[in-house]
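Dock chain to chain to rebuild the complex, using the hints, since each chain is given by itself in its own frame.
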Amino acid sequence: MLLKYARKSALLLLSACLISPVAVQAKTLATSQKYKMEIMAEGDSGWCSDKLSLQAKLQGDSPLVGDSALLGNMLSRMKTPIQNDCPKASSAVIKVLVNGVEKERFAGSSANGWVFSVQPKTSAPSVPAPTPASAPQPVAASSAQQQSPAATAVPVAQATPQEAPAAVDTAEQTPTAYPAAVVGEGYKGILVRVIRAKPALLDNKGLVRWWTAMHFPNEYRKVANQEFELAPLIDSGKKSLQQAVGEWDPHLVSLDYGVRFGEYDFDRSIFPMDLSDEVTLSVQRPDYHWNRVQGFTRVFRLSLEGMNYITGMPMTREAAKQFVAQRTNRYGDVDRDVVMRLFIRLPDDAALPDGVESYANIENAQIEYVEFYSGRKAPEKVASISQDIIAKQRAEVLAAREAAEKERKRREAEEEMKQLMARREQDIAVLGKVSVSARLFNFISPSTELERGSLTSLRKARGYALLHEKPVTVSMLVQSDGGGATDVPTKWPGLLNVTIPQDAKPMESLRWYLVYGDLIVPQGEGLPDAILRATEVYECQAEQCADASAPEAVVDRKVQQSMKLLGVER
Amino acid sequence: MKLSKTTLAAVIGCAVVGLLIGGWFTGGHFATKKARDTVEGALIRSGMNKFVRYDSLSATVLGTVTLKNVELVDQQGLLVSAKNVVLFDLDEKGGLLKSLEVQVEDYSFPILDITRRSGGYGTFSGGSDLFGMGYTTIQGDLGFSFKYDDGDRVLKLKLSSDTDAFIDADCTFELANVDRELIASMGRLYSSMNGANWMAGIELAMKSSVYLLTTKLANYSLSVDTEGVIKRAKQVTATSLPGEEEPLKMDISMDEMVMIQAGMSPSNAREMITTLDKWGRSGGRIVLKSNLESPVDLFQRGNLLPEPAFSNPETFLALTRSSAEL
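Chains as they are written, first to last, in my numbering: chain A, -16 to 553; chain B, 2 to 327.
Hints are computed from structural coordinates only; laboratory data are not their basis.
Among the clues, some could well be false.
Calculated pairs, DSS-like style, for lysine-lysine (alpha carbon to alpha carbon, straight line, at most 30 Å) [what the hints assert, rightly or not]:
id, chain 1, residue 1, chain 2, residue 2
1, A, K474, B, K232
2, B, K235, B, K279
3, A, K474, B, K208
Sample of chain A residues lacking proximity to chain B, with all beta carbon distances greater than 10 Å (derived) [unchecked claim]:
id, residue
4, L53
5, L185
6, S259
7, N274
8, G278
9, K304
10, M400
11, S430
12, R435
13, S437
14, K443
15, A444
16, G446
17, E452
18, E508
Note that this is a predicted model, so its numbers are computed, not measured.
Backbone N, C-alpha and C define an ideal beta-carbon position, used for all residues, glycine too.
Just chain B, with the same shape it has in the complex (with noise of 0.2 Å):
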């Protein structure tokens, strides 16, 4: 039998995405045993696996990890709930985590159930003002980047929040000079305060700290629209009698003298006094980033450990050379 050049070539093609589509299956097996492995080997090692339960787990050849129906669970009952946690990216050697994001889609968090489990607070204050906006369960979904560069030192973080009628939010920080042992630090860390050796998770604490004070802010950009829940507000009344309506005001009070004390020019602290104000009262989308032309320290030396630079928000704002935009 002759075959044709045609015939052969997709015969041999068949048989290449054959190989491939097995490849990928078989590929696909051997990644989720070893997913499962890791994931589970870490829950257990940290004492989570009591806290988190997922229903399955699935892995690709790419390093995709996908957990189906994850809980984070207490003692007396849910507190999240996710329909997936997809974990990408994942570069991780010898203890040291240099990429990672994960992307957390359809979560519930049920905040009057973990409310009324904890006997209730404020009858009429407080959390009672978002329940009676509707708000029982807060939905919708999350993603957080983790990513570190050794060679530059550079951290980059981002997380993104995007919920359903209710408030929307992305941040992104990029962290200059972060030193290597810093990054390594925080799962051993992380693994001693969940294990029962606390004062060798104090001690790693205590070490760690030093590499706080050579870490500085290259930039941040923050992002905020709570059209979601001005909209919901409007439809609730919080007054009991017509004309009276605030949808949800917040009190957003800053010192303009603290931002120029601070290095701000005054002109551009009562531009940024003026637009968190608007925002405070009327809502929606405003987006706050920084300007830096160089990194800034984040933390300064404290008494036992180290503590933040900034010691007020004006103070942020101004060291940061933030602006503001509604």
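Next comes chain A alone, as it looks inside the complex (with noise of 0.2 Å):
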């Protein structure tokens, strides 16, 4: 009676601080004013279940919005309210809402001692079983059958929404039967498709034992501390990875994520989404707190290109109509989340990480193909969008992006254009003022600017190149002492070999150039011949280019330049 008492005390005591459990409303199980948090359960009275399903409301201003780890932590203190109040209960999801829009879910069980964590579906089993890495092709189905979708990655980053991309009817289109080979899941499927890339990975000890851990809990649970028990499981661990880093598919992987749909579009026959171009996956190993090991990636960051090429679920209309009847309530409310499995394709090997850091960054992501489940209640695919709509719709999404850049460009062009012009008598008066030198400097000067400075003397340019032991940019008037275009000799200023780009016209004998690049003067006693590898070479029309240093030569090609740059005709 005394102990019952004082854990009732001590529970009360750290609700106070962190979470204060509510006991008058039944679907409230904890609230905090501290960081603005409210934890309610889904469903009325038969909410309490094996399978908990609780949302966690957070005001948008709440300290934990935004830091994963600091609500993970919070979300776990709700082991004494659930066992409390509901202890039937073996595991829960915790949908985290900001100001009613969801950001991300936390899984948690028993088994696990009510630990909650961001975890993506795949990878996160709310009571950990060993993913059939066997199993063909509709793996993804049947697994989206057995596992929660609610754990899905989680979107940390999320680029601008770009332009709406031209609607597809997608409702008809049959989806592509996509490659036999098992699709990796998750984390586990990153994993796999990293170690087949870095295959020193499967020396990696923590690595292993991971594996071992998820793949055999049970077995592994019992001998985890009996070092003679554990390592012929481990040889067994090791084998089962090996086997699917070599059975796997070795460029998709997928991953579940959770969206709402909008209505219906009756013209388009799709049930419409929200979604961004690019997004950040954040895709976790998920780790039983009796194996924490390292030495491996925790988390895969995985830059998705083109979330917004997928316009929406596509459904035909009949189809559409039922679908939004078995998904309404009586009150009429229709439940409007699904799952949304996006098969992956990673970049190549050279671009994927070394598995060792503790988070890696997988650039470059592309989805190839999405399967819609109705969601955790009643996993069954709804719909699909095939790999030839997702290609059509890139192709369609870049089109209409090239085309706005290039229109973007032009305006750019015209602005830059009038600007240019609007200067052009304010350039040539201070061109007027400035040495013959500093003009030149500025004619054969890659800058779309006026710049200070003036052309480069040999010696300074030698000098400093030889004390600094690297290349120095310079800005030169040479007279060839011969033609062609690679590692030409100089009368002036001599002692210096010049060669031009490839594309230029090839230098002429005795003719005046100015040129700009980079020299070099190469290792030897005395006085070796420079060596000028020149980016921009502009001919001479009189003597000692006369003809450059005038200021409105100069001005008019800057104007040239910038037209250049801009990919603009005068």
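Structure below.
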């Protein structure tokens, strides 16, 4: 009795500090004024079941917003309220809503001590069980039936939404049959793909031990602290890992992503969705609290291009009507949350991380194929978007983007042109006051703006290059002492050979040129000829480039360079 | 057996030559041993053994000491190297150096490497112009001569530099009324300053400095030839446009009025200015020399230590009645 009293007192104290259990309302399990959070159960009086569905409602200015680690820590304090109010619960999923908008989901179970963590669906089963790595292609669907779709990958960064792509009627498209090979799911799928690219990871003891624990959890827990019993189990785990590396699809992985669909679009035959162009999915390694290991990647951050190729969930009108009817409760509310399974093509081996960093980024992942599942209560495939449709959509989006970019450049060029013309007289006046050397310097400089500076003397350039042991960028007036494009000797200033770009007109003997590029001085005693590799060259029309020293010529050249840079013909 | 006079003379002659040769080498051996002890001892006592290295040392009975492949280094690397450093005519007794000549043959001064080691300086100024003209290492020969007559109390110093395609220079200084104590204290001062006894060194310097006040300049001559560097400067232009070349202008600006106020005649002052300016612009060889009838003071009393008697170059040229010749 005393013990029971002491336990309740401790709970009350903890609750006062962090989360206050509220027993007055049936659906509210805890509130925290400090953290501006309220945790409620979904459903009415029958909310208490083996698998709990909870909601954590956060105000926008809650200190927990954006801090998944702290949030997970706070949610893990729900152990006591859950055990007190619903002792029969064995697992729970907490949907985190910030100002009513779902941001992420946490899952926890009695088996792991009610520790809640963000976990992608495929890699964070409520009750850890071996992933069926040997299932054929429908593995995605079958595993969706086995596992709660609530544990989805978490979008951690979203790019500014781009212009909406053109609508595509996807309802009539038949999904393309996808490769027969097993497609790895979530964290494990990515990990196996990375191991395929970096086979040395197969010797990573921490990784092999983790894989073993995930595949043989019951056996592993029994012998985790008995090294002689554990060794053969780890050998089996390694074989299982090698088998997965050898058999799973070498390019694709699947990730589940919770989305909300809008009202049916009768014209396009889709349930529209508003998805960002680019998202970063943070795929976290599922860890049992009793088996935390280190030495390989804990979180893969997947930069996913082209989410906006998915404009909605395609469905025929009849099917859509039936689908909505099934998801409408007695109050007329429609459950519009579904799970989108993304089949993602990861980049080439060289672009994949080493797999030993704690946080590893994977860029340029592309969506190839999409399936939609009804949700966690009745996970069945309800729609899909084929590879062809995604490709078509990508092409259309890219074409639209390219056209917009071209138009933007054109407008910029127009504006630039206006500005250049507006300041033309001013620039000419400025150039009229500077030396010939400064004008020629500006003429050959690739900059579109006037700059302070003058042509470089050979002595200074050689001295700088020698002293600093690196090429020095120079603008020089030279008179060729031979023809060609490579290592052309100079009559002036001499002791200098010039190489011009391949696409430039070859130099002619005894002509004057303005050149811009990098100058080096070869090692050696005395005075070896310096070498200038020009990136810009101008063939002068007059002695010592008098034609290029006129202020008007310099300004006109700048205008030309601006237009060239902008890709616009004058 | 009876030897003819001719044969006997030949035998005796050979024996004498043999003895001379043997004596030469035997003497050389002992001389080398003595010289090695002297040089090594001097380097160790002065602390310079950390910075001076050489491959071998040899000496002759006539007192010539030759060090081969000598290197002067600092903590970062090589400063100067020389193929041979020859010391001869060394006359030192009781700590008083009376005579010494040093010939540094085929020296090499890697100015680019030294500058790089020190982190470089001024991207487009100063030393980088020298490197730009190809002077990454200065090479040549150096000569130094020290002769002190403690009877007449006259000290003659000579320095000559002969470089490859750079600047050649020769200068001689004849100092009068040089106290032997000043010469004797130079060696002790050097040892003190390089050793740990700084305070003793400073005390010695203070004591010796009084002898500087009596020291006078009897004559000097200075010859500088910049033909090599001017030729090189013409090869590597310093201007960005043709027709603006000024190979290596040296700004030698001197005040004619200061010279006249110091005693030089106006015509001589103008001639001196013109000559120096012309040399500054076009380079070549210039010879400056004094035309003194009696020695002039080199130092005057200062606050703590003696100060130079010439506050600027113009005064020096005027007081030493110098003339310049191209």
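Quick rundown of the hints versus the structure:
no.: 1; hint: A/K474 / B/K232; result: 17 Å, holds
no.: 2; hint: B/K235 / B/K279; result: 17 Å, holds
no.: 3; hint: A/K474 / B/K208; result: 63 Å, violated
no.: 4; hint: L53; result: 48 Å, holds
no.: 5; hint: L185; result: 48 Å, holds
no.: 6; hint: S259; result: 48 Å, holds
no.: 7; hint: N274; result: 54 Å, holds
no.: 8; hint: G278; result: 42 Å, holds
no.: 9; hint: K304; result: 77 Å, holds
no.: 10; hint: M400; result: 32 Å, holds
no.: 11; hint: S430; result: 18 Å, holds
no.: 12; hint: R435; result: 14 Å, holds
no.: 13; hint: S437; result: 6 Å, violated
no.: 14; hint: K443; result: 5 Å, violated
no.: 15; hint: A444; result: 7 Å, violated
no.: 16; hint: G446; result: 3 Å, violated
no.: 17; hint: E452; result: 7 Å, violated
no.: 18; hint: E508; result: 7 Å, violated
Taken one by one, the earlier hints fail for this structure at numbers 3, 13, 14, 15, 16, 17, 18, listed in ascending order.
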